[in-house]
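J.: Sequences are here, hints too, so could you generate the full structure?
Spelled out, the chains give:
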Amino acid sequence: MSDNGEHDVFPDDDDDQVRAPAVASSLSHESATAATASSADRRNGNEDNDDQDNEENEDDGYAEIARDLQRSNGEDGNDNDNEGGGAADDGDEEDNEEPPPRGGRGRNDDDEDEDEEDDDEEEEEDYEEDDDMPRAKKRRRKVNRFIEAEAMVDDDEEEEEDEEEGFVEDREEDFEELQKAADTRAHRELDSRRADADEMDAEKIAETMKARYGRSEFNRGQYRGDVEHIPQSMLMPSVSDPKLWICSCREGKEREAVFAIMSRVFDREGTPNALDIYSIFHRESLKGYIYIEARQQGVVQNALDGLNNIYLSKLRLVPVNEMVDCLTIKAKDTNLDKIHWFRAKKGKYVGDLGQVVQITENGETMLCRFVPRLEPAGTPKVPFGGKRKKTERPPAKLFNPMDYKNEVKKEGEYYVYNGDYFDREGYLEKTLKLSSLDVTNIHPTLEEISQFSGGSTDKPDLSHVEGVGSAVASDFQIGENVEIISGAMAGISGSVASIHNDLVAIKPHFAKDLPPTVTITARELRKQFKQGDHVQVVKGNYKGETGLIVIIKDNIVTLVSDGTSKPVEVLSTSLRTTADVGVVAPRTSPYDVGDLVFLQNDVAVVTKIEGEYFGILSQFGSHSKVKAREISNKRDSKNAIANDAHGNPISAGSAVDVLDPDRHDVRKSGTVAHIFRQVAFVKAKDTPEHGGFIVAKTQNCVATGIKRPMNSFQSTFGSAPRGGGFGGPPRSGGFGGGRGRGNFHPIIGRTVTIAVGAFKGYVGIVKEVNDGLARVELHTASRVVTVDVNKCLLPGQTLAPSASNNSGFGGSSFGYGDRYGQTPMHGAKTPMHGGRTPMHAGGRTPFGAGGRTPGADGGRTPAWDVGGRTPASAWDAGSKTPGHWDASSKTPHWDAGGKTPAWDSGSRTPYVPLDTVSSVYPDPATAITSTIVPSGGNYADSIAAPLAASTITQEWPAIRVMVTLISDPNQEAIITAVQPATRTVTLSLLPANETRAGVSFDDIKAVSPDAAHDKVMVIIGEGAGQTGQVISAEDDDGVVRMDVTKEIRIFTMNMIAKYVPA
Amino acid sequence: MFFLKHLHRTIRLPPQYFGPQLRTAVLRKLYEEVEGRIDGQYGYIISVLNIVEVGSGVLQPMTGLAEFNVVYQALVMKVFKNMVVDVVVTVVNTLGFWADLGPLTMFVAAALLPSYYKFDPAASPAAYVNEEDNGHEQRIEKGMAVRARIIGIRTDATEIFAVGTIKEDYLGPQPGV
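Read top to bottom, the protein sequences are chains S and W.
Numbering-wise, full-length UniProt numbering puts 1039 at position 1039 of the first sequence, and it's gapless, one number per residue.
Numbering-wise, full-length UniProt numbering puts 118 at position 118 of the second sequence, and it's gapless, one number per residue.
The hints are simulated quantities; they were obtained by calculation from the structure and are not laboratory data.
Note that the coordinates shown come from a computational prediction; the quantities given were computed from them, not determined experimentally.
Yeah, the Cβ is synthetic: ideal placement off N, Cα and C, and Gly gets one too.
Not one of these hints is a red herring.
Here are some chain S residues the structure puts well away from chain W; computed CB gaps all over 10 Å:
(1) Arg185
(2) Arg188
(3) Ser313
Restricting the straight-line Cα-Cα distance to at most 30 Å, the calculated cross-link-like pairs of lysine-lysine (BS3-like) are:
(4) S/Lys566 to W/Lys81
(5) S/Lys553 to W/Lys118
(6) S/Lys553 to W/Lys142
From chain S, some residues computed to sit far from chain W (all C-beta separations above 10 Å):
(7) Met262
(8) Lys409
(9) Asp502
T.: What follows is the structure in structure tokens.
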């Protein structure tokens, strides 16, 4: 029957290990059973009947009436099953009337009961406790029956036994006789009672019923909520069922003992010593105990007597309400309701949300799911024993076996990679110790949960959300509107009338055919809101925020925050209707959303603050969560400048469009929040993810409004990447974060020669640079002197650059000398050796004079070369590929520039190139031609052969490039051979494939690609000679996927030419 | 919805105004204090149209201020839940759009737009576009007049904020306006 047993068993504890061996309660319970049996007999014995069926029906009828009456009394009548079943059990049912108050839990709640019965029971209890032999009990009961001529309780038990017993055949014979004796009496009683009942009016019946059942009904009422949705409640053991004893035995011998007893039972079967035992079992989880199911303790003792490894002295009765626990096999997720989600406390997944898949029986380890954080495929493995470089942990991403093709094994349902198991959906499954997990106060965010449902927030798998979304009673407040979400009454809404433990009484709004209040467990409820309600978030990450509800989808509510006007998704359980406008508590964190922060090996922007965690978007575009201590510092990047796709400078605050490298048609517009080297963190207006931040390479950005943060010099002259290194003060370099470098200065550690002053000619090592002053440790005198950093010459360097810089631009243009000067100088060495004078003469003079004489420029900064090649506007074109800039010192441009002899002639005819260029632009062919122009039209003549060789690399004509003839623009041709020495090409004229040799470079013009999918070759600039495919061509720009690198790059049309693969 | 309401207010006037221009001073103070403000009960007080009565001033013993009970007639705007209003779109983004309804701001979440409105991020200005309509497409972009229904209202001390929907018949852009 119902009552305590199941209430306790079910929702609360399943920790049978603790509970099963509870002795104290078992004793009292036992005595209660016996005691109440007797009192029940007194009352109800007359109900006995020889016709069991008939009687049952009868009783059922009564129960029915009683139930109806109860219901109208405000109790809810949900346990009809129990009631019916109970009534059918007649005598036993009566037994049950008393136990609840004794069963521990119910006791406190039930004072009136106790008052009445206490004395009686106490007496009997004492008595009972003295003799612990059930046999004695039974006998006494029988005696009672004789005296009172009442209930056939035991008889009924026997009846049951009859059905249940498998192997015990014999019974106590006197029962038969007794029953007969009682039968006639019972008949009479029943008849008279029926007559009475007919005469009684309904009210009286009600009274009677109430008197008889009311109290027990009341007791049960408290647990109704549970009862209601546990249909097995009828199957629960009651006091009338065989009892369960637990006996200690030697650990590890449980199984043996069980078999020993079993064989004993079989041995004695059919003999007078037969053992009336129903079952024997032991639990794996409970070492050192076996369970025996029997009716009487004597039987059990008999069965165990003399067996090895059994400690008979430790035989105890399992309280009826704990019996179920003993047999309950833990369901897969018994505990999961409570710790469905967790966070790892240590290891690679520290702080990550995980999901419990399964708990092992011992409850110490759990099978868990994570969103894996794997090194991308192809990451070199750290050799065993090798020092592992501590790196930023990889981003969480579902496992895709295709990414690790060769290293993945398939094992049943799982993929195995690197010893880890991944399920089909790509989650990592791991067995972890409970102690390494944080299971309390998890507060997973919807984003995290959505990761576990396939990564889409649009349709979070509610089965995943369930564990989080289900409410507890404390979520509710009296008066709140709620909706019942499961059970028979699902869909009914009402307001909370009262809350008691986990039970919530609800006043249904539309109470047709419903009692005025319905009691239900909190987990079956959901708060009900309406669109437009003003609510406050009472827990979780958004705690304190208030807003208006916009969307309600199951238990996920989207509200528009009052403060930020941003939509916030929360679970309805964490909301409460409010009239206030919430103020989010001031943050004490040193970092704020939008800060550029430096992590150990990464640079990122803070996108979100969640308690102690920061959501960050790293420069590689990965999004992760870190704690404050993982952030080393924050920077601003006010002074960092980089170049966009068109070579325009962009810096923090610039408005840009971000091109998606994969989908050229997608542009996102936003404002540059930070620039770090070649990476721009852009705050996009219409990107909801990552707090609106996007990471993009600067060359994928296009400045939409030209912002000129620098002085005019830089914006004109220095608009090219050069702006950083050349013109500006060293800090404002295209080198983002250059400022943060503090003392870092490329010249530090270099051996320099001091060019002026008292130490002129001394050689030393630069130790430190502060405000343009270098502290140089002299080789000779072993002392440190301070000199202007511009007066320190690197080997092979002359004073020229610095000096001219100073004179030309004023101020400390150190950037030039120290940064870029360095490399080109190396490059420049070669020509310098040969032509030192020209350098001085050509370079310096104009510089001194104009400061921006291109010649001088060319001479010094090989960038000139770039300018020369794409003459559109030397500066613009040069900066077209900002990538170079980053690699400043390595970039081939510099080298090329250094080597190219062009500067020589360039310095001679400084203005020619620009003029020429502007007139011919944007015709690529001529533009290209003008590459040569710096050396004058007679380039070939003026340049010695060896130099020409080096020039060849810069000649654009390449084999299989499609060209047209300038002399005959309609004639298309493909270059089949190039004769750089004579500056002629051999063409295969289309469409006839007619060959024409000796066509001058000057007579051909590259054909620009005109449609997507055209094959192209880069003819000038970085990567010249590489081929690719046009993804899109718009106006002057072409987006090209490079064949080899698969990189997406943007070129102006004059940099690329149609290419016809062989 | 607009209402003409008789309202009253107690104006406290410092002694410096006690003199020939007293009534003007009282009224000026009234205008300052009530126009453009929000009254929790009546909504926006847009304008004081008419002064019905200026009570006689009563000096406050402790402060020396004079209190005047002023009864005035005001044009007020109060919005109600479920009210259908015409609004002007001010901001459009993926979340939805914001619109002005006179002095109050309304937000219409993307989810509260009919499903056939798709956000077009490429458009400039950003817009929600109804593509199903062959021929002329319907757009919701900045400056458009839109008819919406209010589903929620939040009243602060200085502003009224409403959440609206256009996911119903007859709601949405009003091209003619």
